Amino acid sequence: MSKIDRKRLLREMIFFRRFEDRTFEAYMERKIGGFLHLYSGQEAVATGVLEVIQADRGIGFDYVITGYRDHIHAIKTGAPAREVMAELYGKETGSSKGRGGSMHIFDPSVRFMGGYALVGQPFPLAAGLALACKYQKEGRIAVCFLGDGANNQGTFHETMNMASLWKLPVLFVCENNLYAIGTAIQRSTPMVDQYKRLAAYSIPASQHYGQDIEVVMEAAQSAVDHVRSGAGPYFLELLTYRYRGHSMSDAGAYRSKEEVAKWVQQDPIQILAKRLIEAGELTEEEFKAMEQAVQDEIDNDIVRFAEESPEPKVEELTKYVLEDKPNPRWIGPLEAQGGGHG
Amino acid sequence: MAELAYWEALRRAHDEELANDPMVIAMGEDIGVAGGTYKVTLGLYDKYGEERIVDTPISENSYTGIGIGASMAGMRPIIEIMSINFALLALDTLINAAAKIRYMSGGRAQCPIVMRTPGGTAHQLAAQHSARLARLFMGTPGLRVVTPSTPLDAYGMLKSAVRCNDPVIFIEHESMYNLKGEVPDEEAFRPLEGAEVIREGTDITLIGYNYSVHWCLSAADKLAQEGIHAEVIDLRSLKPIDRETIRRSIEKTHRVLVAEEDEAPVGVGSEIITGIIEDCFFALDAQPVRVHAADVPVPYNYHLEKLAIPDAKDVYQGALKVLGKV
Ligand SMILES: Cc1ncc(C[n+]2csc(CCOP(=O)(O)OP(=O)(O)O)c2C)c(N)n1
Chain A
1 MSKIDRKRLL
11 REMIFFRRFE
21 DRTFEAYMER
31 KIGGFLHLYS
41 GQEAVATGVL
51 EVIQADRGIG
61 FDYVITGYRD
71 HIHAIKTGAP
81 AREVMAELYG
91 KETGSSKGRG
101 GSMHIFDPSV
111 RFMGGYALVG
121 QPFPLAAGLA
131 LACKYQKEGR
141 IAVCFLGDGA
151 NNQGTFHETM
161 NMASLWKLPV
171 LFVCENNLYA
181 IGTAIQRSTP
191 MVDQYKRLAA
201 YSIPASQHYG
211 QDIEVVMEAA
221 QSAVDHVRSG
231 AGPYFLELLT
241 YRYRGHSMSD
251 AGAYRSKEEV
261 AKWVQQDPIQ
271 ILAKRLIEAG
281 ELTEEEFKAM
291 EQAVQDEIDN
301 DIVRFAEESP
311 EPKVEELTKY
321 VLEDKPNPRW
331 IGPLEAQGGG
341 HG
Chain B
1 MAELAYWEAL
11 RRAHDEELAN
21 DPMVIAMGED
31 IGVAGGTYKV
41 TLGLYDKYGE
51 ERIVDTPISE
61 NSYTGIGIGA
71 SMAGMRPIIE
81 IMSINFALLA
91 LDTLINAAAK
101 IRYMSGGRAQ
111 CPIVMRTPGG
121 TAHQLAAQHS
131 ARLARLFMGT
141 PGLRVVTPST
151 PLDAYGMLKS
161 AVRCNDPVIF
171 IEHESMYNLK
181 GEVPDEEAFR
191 PLEGAEVIRE
201 GTDITLIGYN
211 YSVHWCLSAA
221 DKLAQEGIHA
231 EVIDLRSLKP
241 IDRETIRRSI
251 EKTHRVLVAE
261 EDEAPVGVGS
271 EIITGIIEDC
281 FFALDAQPVR
291 VHAADVPVPY
301 NYHLEKLAIP
311 DAKDVYQGAL
321 KVLGKV
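These protein sequences, in sequence, are chains A and B.
full-length UniProt numbering puts the first sequence at residues 1 to 342.
full-length UniProt numbering puts the second sequence at residues 1 to 326.
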């Protein structure tokens with residue numbers, strides 16, 4: 001990885017951390033409503049994997065899909081951070097025009113096909129995106145991010161079976177942060193190593209340390225190479241940790257202070273920053289300046305955009321339920337065709 | 001008499017039923033060690049242990065099915081599903097199995113389960129966390145569907161549901177868990193069937209269930225200030241529906257409004273008003289009105305959400321319409 005890349009990735013992760021912290025503050029100010037699930041602590045996973053898959057290959061974006069903890073996946077895929085923040089504010093300029101909120105960020109223009117609030121729902125949708133990729137032969141793949149808890153849902157097993165059988169070009173990224181809300185993984189899943197479960201479906205799988213972005217990228221590269229080669233799906237398990245509670249309504253009391261402290265020591269931002277500083281590629285001052293610049297950008301541009309954006313129009317409540325203009329192949333009401341009775 | 005919150009009333013019912021019958025167990029995500037999303041099982045894991053307060057993986061269809069299987073073998077599972085949206089994953093086992101087992105077996109098998117779940121719109125939870133779906137279960141033969149709207153009913157109906165030999169869909173509401181009400185100190189049961197007139201009136205009948213009962217009550221207060229006496233019926237059970245109580249009320253008031261949080265097409269109100277047309281067409285002095293949600297997936301945006309979901313104001317406005325005052 002080039003020096004500049006490492007610095008850019010560090011800045012991105014700082015941006016993602018600050019973005020989530022800022023949404024926390026906006027939630028406390030009651031500017032964001034509903035459920036809000038933050039990604040802090042897991043930055044190296046989305047940043048690393050998506051850096052690898054979105055490397056410019058001339059065909060544009062691959063498909064990305066995920067669960068409700070979706071802000072950072074959306075932004076790293078290419079959704080403008082301003083629009084993601086505006087969505088959290090419920091504004092018309094938001095990624096989903098204020099209809100979706102935190103758990104349902106969409107940006108099909110960069111092939112980010114959504115965040116979904118039902119645990120396990122994205123598995124088959126991802127395989128479907130991959131089915132289309134395979135059929136359309138443009139070299140695209142689908143990437144599905146989900147937590148470890150989702151692997152106990154029926155959709156996991158059914159989808160893995162078909163994805164493997166049909167050799168679909170899909171990369172499953174399991175963000176194993178050891179908890180599903182308040183339930184520790186040992187209490188929900190006898191096979192704690194998730195990647196081992198894939199043997200049942202003949203899907204190649206591996207487990208890696210998810211707090212070091214360079215480890216993540218190396219693992220993601222060989223996984224993506226496998227999927228792009230046409231050999232079928234790959235399941236990448238990354239061990240990580242979320243620093244905050246499951247959502248804003250959860251303080252995370254089920255985790256011990258020692259456990260949290262242990263993982264805070266393994267902060268993906270600090271790990272990369274330390275490495276760059278020790279290698280002489282970054283000074284402490286530059287690191288501080290980076291943090292300040294990110295903070296300024298988020299406060300002065302991203303949040304401001306969200307705050308100053310208009311609300312959706314109330315007259316448009318039912319817009320987007322169905323297509324606005326009927327399909328041209330649908331020729332119109334029966335009467336106009338001389339059909340119907342009498 | 002103690003003042004209990006709706007969630008406390010449910011917890012007390014769990015506690016008493018677990019103590020009463022060793023075959024009673026509770027199952028669901030995060031209900032054990034974590035005490036439940038809405039605290040309904042708080043402390044019960046410590047008291048009854050992991051065999052009776054069962055933390056399940058995120059596997060709604062299969063853990064509901066496991067509950068149904070266990071119930072056929074004599075257990076009495078109370079299955080908690082965190083939000084009615086997730087109950088959709090369990091529809092196969094609920095509708096294709098639980099609802100039909102007694103019938104398919106010619107009455108030789110039964111599945112006495114209770115599926116408890118909040119069905120409703122809280123604040124800005126967006127489309128995938130705001131479903132109501134009462135109408136879906138209500139259209140399924142073989143299920144009982146109950147919708148307690150007070151702590152007393154939450155307590156007494158849960159106890160009856162646990163002892164009932166049919167599958168009971170027990171629909172709660174995110175916005176009701178902190179609602180307070182009187183519950184007697186001694187053990188009490190409330191029937192699973194039968195609507196209740198909870199406020200007497202002569203000018204119009206307002207019919208609600210679950211959370212919409214509270215809109216009806218506050219609309220009735222507002223109407224009273226204008227000298228209009230509204231009668232309020234809490235349906236309590238959506239399957240079966242107590243058409244007799246509705247008929248008696250309409251024969252007195254001659255005017256009716258039904259308030260529901262479900263969407264209108266194929267909604268609860270559609271069924272109630274059809275029943276009213278069949279039972280008391282000639283007693284009606286005005287066209288019945290339904291107050292219901294807009295036919296859209298519930299939007300995230302605060303203002304759009306308010307527009308999509310009805311409230312007490314809509315019931316009040318709707319009542320004026322029935323009364324010919326707007
Ligand atoms: C079908 C369904 N069941 C239950 C829930 C409630 N729920 C939301 S997140 C969650 C835990 C998911 O854990 P995991 O997949 O490990 O993801 P993480 O939050 O750790 O990223 C649960 C049970 C849901 N949203 N959807």
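It is worth saying that the hints were derived from the structure and are not from the lab.
Note that this is a predicted model, so its numbers are computed, not measured.
Just so you know, even glycine gets a beta-carbon here, dropped at the ideal spot from N, CA and C.
A couple of the hints might just be wrong.
Pulled from the structure, derived: some chain B residues nowhere near chain A, Cβ distances all over 12 angstroms [what the hints assert, rightly or not]:
#: 1; residue: 34
#: 2; residue: 63
#: 3; residue: 70
#: 4; residue: 73
#: 5; residue: 92
#: 6; residue: 95
#: 7; residue: 122
#: 8; residue: 196
#: 9; residue: 252
#: 10; residue: 306
Examples of chain A residues toward chain B, derived with CB under 10 angstroms [what the hints assert, rightly or not]:
#: 11; residue: 116
#: 12; residue: 118
#: 13; residue: 320
Which hint numbers doesn't this structure obey?
Result: hints 1, 2, 5, 7 and 10 break, sorted rising.
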